[in-house]
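Here's the letter readout for the chains.
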Amino acid sequence: MELLIAIMVGVLVAASVYLMLARNVLRFLFGLILISNAANLLIFVSGRLTAEAPPLIPEGADAPLELVANALPQALVLTAIVIGFGLFAFALMLVYRGYQSLGTLMSDEMRLAEPKEDGQ
Amino acid sequence: MSWLLAAPIIIPFATAVLAFLFRNGPEGRWISIIGSAGLLIASGILMAEVLAEGVVAAQMGQWGAPFGITLVADLLSAVMVVITGITGLAVAIYALADIEERLEKLGYHALFQVLLAGVCGAFLTGDLFNLYVWFEVMLIASFGLLVLGGRRDQLDGGIKYVTLNLVSTILFLSGIGLLYGMTGTLNMADLHGAVQEVENQGLLVVVAVMFMIAFGVKAAVFPLFFWLPASYHTPSVAVSAIFAGLLTKVGVYALIRMFTLVFTTDIAFTHTILLWVAGFTMVTGVLGAAAMNDFRRILSFHIVSQIGYMILGLALYTPLAIVGAVFYLVHHIIVKANLFLVAGVARRIAGSTDLSAIGGLYKTAPWLAFLFLIPAFSLAGFPPLSGFWAKYVLVKAAIDAEAYVIAGTALVVGLLTIYSMTKIWGAAFWKPHPGGLQPKLSSLAPRDRAALLVPIASLAALTCIIGLFPEPFVQFAERAADQLLDPSAYVAAVLGADEVGLTGLAALEVTE
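So the sequences go chain by chain: A and B. For the first sequence, my numbering begins at 52 and goes up steadily by one. For the second sequence, my numbering begins at 13 and goes up steadily by one.
Hint data in this document are derived by calculation from the structure and do not stem from the laboratory. Treat the hints loosely; a few may be bogus.
Said to hold, decoys possible - Example chain A residues on the side facing chain B (calculated, C-beta under 7 Å, incomplete): (1) 83; (2) 85; (3) 93; (4) 97; (5) 100; (6) 126; (7) 127; (8) 131; (9) 132; (10) 141; (11) 142; (12) 144; (13) 145; (14) 149; (15) 167.
Glycine included, C-beta positions come from ideal geometry on N, C-alpha and C.
The shape of chain B in the complex, shown without the other chains (with noise of 0.2 Å):
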């Protein structure tokens, strides 16, 4: 049971490990690639247990919860495990091509590795202050990687994504001393029942509201996105696919975790913000796509604005809106992943990201055309791919919580989405190219346009999979938001059945 836990933690770090030591080689590559399989093997053996026996959790070292560190997986944390090990997947064969050698010897494949392993290690935590850490090696992995070759525009984004980063590190540390000093917990399955007995509930939504910037900085929410656009686009193709993927979405988790867990104690105040946050986000965010001119800048604004549907449906708060969310999450990781691996494509046969600088991809690269359209609809919800599904709830959950504002809102920037794709679709695709050239799929070698391509067609056909036959994915969903709003089974699983409602304090005094 427990190495169940630990095997999609572990399997990264040793995959890390064997990549760095064999950095030289081919062999790296290969590792990296063998290590994401296993990844995914394993997220979906204990996804099969989490489906068949409900929330697992494993005290590590033997330690019982609430004081050594648990590891946990209900639905949610099991999900987005499975999709870190399918984005990694993907984004290791893609690298096959798009990783030069000297990027290899710096050491990307280990800290590739042990960015997922961040990733994994943050979504199976049942441990606030184990979170921390897991932020932590997500973060320095991240830092490498978006510096990695040293560019001088790396150099420039990463400085403004590493500094803004660390602030929301601190106050994500500051929040946990002063959670800590409250509750006397920092399990978080222990806080559920903790923070319940905090006699002053207004310093509690203080805390919270700390916990609410430090992970808004990580998610990218409105007005703390700054570092987003500065960064994504300057490092690697696959290195800013797996950012877009997974990182801020790690924020998103976070904030779902500990505000459907932890600080519901004053909904009305807390999930308010976040309503108001995400309707700020969503709008910021398209706004800034309509105004960029590089196709991976465009991108990245679109991350901002997607994470605000994310928002939204954890601030709405009721059990359709938590389904949204939760389906959004893992249908905008596809989807987002995708469009930076077809940019990447874009970028290589017609030799820039610059609308300006590219064009004739419809006419001599079809296939692109194609693989960048299925993405790019769902992302914008059209029938019947993914993106209309996740919008489609949102919306419904929006307008059954009567806040018909926010539902507007989410409609104007789903058209405002198809207006920065197309503007993708006619620079890149239909103008004929500005210098005369004819990209080609045909122009690269072969063993390269299968790494390029195999990813890209793959995670295509997933998204095309889940808006065809969306039926058991939100029944999945629903499960998910059940399991979130209702945590007696989490907190039950973590804790032990006898030990529900003991809190931290109250349980050492039982042991003594």
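With the rest of the complex left out, here is chain A (with noise of 0.2 Å):
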């Protein structure tokens, strides 16, 4: 299980990396939100998988009473998931602006802040 989604990260970052070496800054996009799951997915795996085990407290008890799983990655990612969807919110939406004022979405051609020296 846990080789099976070792592999499934390396693909998806593959997958990403593919993406984001495109020019077309919506292209990059797609591949950090996607890199951004591998990520996750890669904690989640190095906490090692226990499978059929939820880390669940029995009424009564103060800590679980047999092996459980790793309860720390599912909070880590949790939090992880929470603040990459704010942030990729927030890159969509400056992309779409970038996109409304500059007429582009092509990196290249984004040379507003940073002029040719040639003066264009």
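Please assemble the complex out of the two chains, which come individually in their own frames, going by the hints.
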């Protein structure tokens, strides 16, 4: 199971790097969203997977009675998902505004803040 | 004790909420100033406590380390928080005259305070995942500030800033995941012991390099700095000043923290990479600055170049070099923020930051020229200003470590820094204004003039004080460096003296 998810992370990273190499900023962002999911899975899998053992403490007990799944990576991933969601919502909106006012999605053509030296 | 550590985070957040509620009136800006002053006071108290007691730590929510989130302040953290308070207050006052009402209504002051909270949080946290969260707080606030107002060049710079910083964030997150997988803990003090027991030390170095790249992007080191000169000259002056002063330095702080506390298992490898990075960062930054012809863009490239010096101190990893890095960090924040503030005043009275479009400031605004001269010469390393001592300590450390090439590089880069400072001096101050304008400080409304010049003069005075009386500051940096190089006090403060040496999983078994 861990191997399978590890391979999946690898495939996701490869696909997202391919997307992120594009000049189109929107494609870059899609790649970024994909790679952030890969990172989340990476945290999940590096906390070791314990199948079918939810980290629940039975009523009356202070600690789980038997081996349960590691809850910490799940908490971390949840936090990372929430933060990532906010950041990407902002980034998508920014690119949309950028497209509206700059008229392009190609990163090569975004030279307004750093104009070429010959005064274009 | 725990309030002491939490105050520098809570105060800016509370101020942000208030400033947002009052964003439509003039109260917002005063709330921001009062909040920043409060932050400065809180940081001063924290500093006094750390000076008196040594490393101070507090467990949030009473969850004992290494399980809960720890806030911890050693001398480096404390001084960074103090300097955040100083720069924050200076920029908040400057913003009185610099930030238009339109931006205030969009929530400038609230974002500014959230940024300060994020920066302080990053300096004070003792937990790696928590550090990630503070980075994000800081990042989202900086995104907002950078594109606030939505001018076209801001959006252009903003897209590059946002995308490249998000890449670094994801690398950081992956690094955290892998490190947790190997050690079973994310508490930095606990990691210090836990990494020694990792079986596959090679993998640990791989993770160390991931962290190096992630923090390297934030710190804008070669070859990861491209977002910085693309964006820092586009927002309002107050925003660029606080960015220039603080944001990249959080990256440098994180590098120093991680590569003195956690990733010290293979110094020969990791710190050699850092040494090369430092050299290239210094050189590319200063050459980039030489090619620029805009006040703020020259300064932006100089941030990159100066970051190289701090990384140099970390990379040499001798006691004296770390002293230099800490001293440089403090000196640089003050000087750099101040230079951006001066650039803003020059733009206000001369009409532009493009060096070919302005001039004549020396003749008609001599006081501004004087106030520029102090931070500019300090940046270049003229005695007796603060930059001289910072560079002196670092070059001395490099020579002591027999790293003659990097010592030479540092000196040559200092020389080239003077070149770009004289370029600004010649173009903005000495040559006559091309439009025939006579830029005068008296053209500003008295209230604006005070708001713009008081922060500049105070920061310049601070530069002079550090320069003229470097002894206590160097001694302080020595103590901070001692703490960094021998983290046993840090570890003991976080984990409690008895538990030193227990790593995360082992501690778990004990408590069970």
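So, going through the hints one by one against the coordinates:
Because the beta carbon of residue 83 of chain A sits about 6 Å from the nearest beta carbon in chain B, less than 7 Å, this interface hint is met. For the restraint placing residue 85 of chain A at the interface with chain B, the shortest Cβ-Cβ distance is roughly 10 Å, beyond the 7 Å limit, so the hint is violated. Hint status for residue 93 of chain A relative to chain B: holds, with the closest Cβ pair at about 5 Å, below 7 Å. At a threshold of 7 Å, the smallest CB-CB gap from residue 97 of chain A to chain B is about 3 Å, leaving the interface hint in force.
Because the closest C-beta pair between residue 100 of chain A and chain B is about 11 Å apart, greater than 7 Å, the hint is violated. The beta carbon of residue 126 of chain A is not positioned within 7 Å of any beta carbon in chain B (closest approach about 9 Å), and the interface hint is therefore violated. At a threshold of 7 Å, the smallest CB-CB gap from residue 127 of chain A to chain B is about 6 Å, leaving the interface hint in force. For residue 131 of chain A, the interface hint holds, the least distance from its beta-carbon to any beta-carbon of chain B being 6 Å, beneath 7 Å.
Evaluation of the residue 132 of chain A hint against chain B yields a violated restraint, the C-beta minimum of about 11 Å exceeding 7 Å. Satisfaction of the interface hint for residue 141 of chain A is found here, the shortest Cβ-Cβ separation to chain B being roughly 6 Å, below the 7 Å cut-off. Taking 7 Å as the C-beta contact cut-off toward chain B, the hint placing residue 142 of chain A at the interface holds, the least distance being around 5 Å. Given hint, residue 144 of chain A at the interface with chain B, is violated; its Cβ is 10 Å from that chain's nearest Cβ, farther than 7 Å.
Because the smallest distance between the Cβ of residue 145 of chain A and any Cβ of chain B comes to about 6 Å, under 7 Å, the interface hint for this residue holds. Look at residue 149 of chain A: its Cβ gets to within about 5 Å of chain B, closer than 7 Å, so that hint holds up. Interface restraint check: residue 167 of chain A against chain B, minimum CB-CB distance 13 Å, threshold 7 Å, status violated.
In terms of the numbered hints stated before, the structure departs from hints 2, 5, 6, 9, 12 and 15, listed from lowest to highest.
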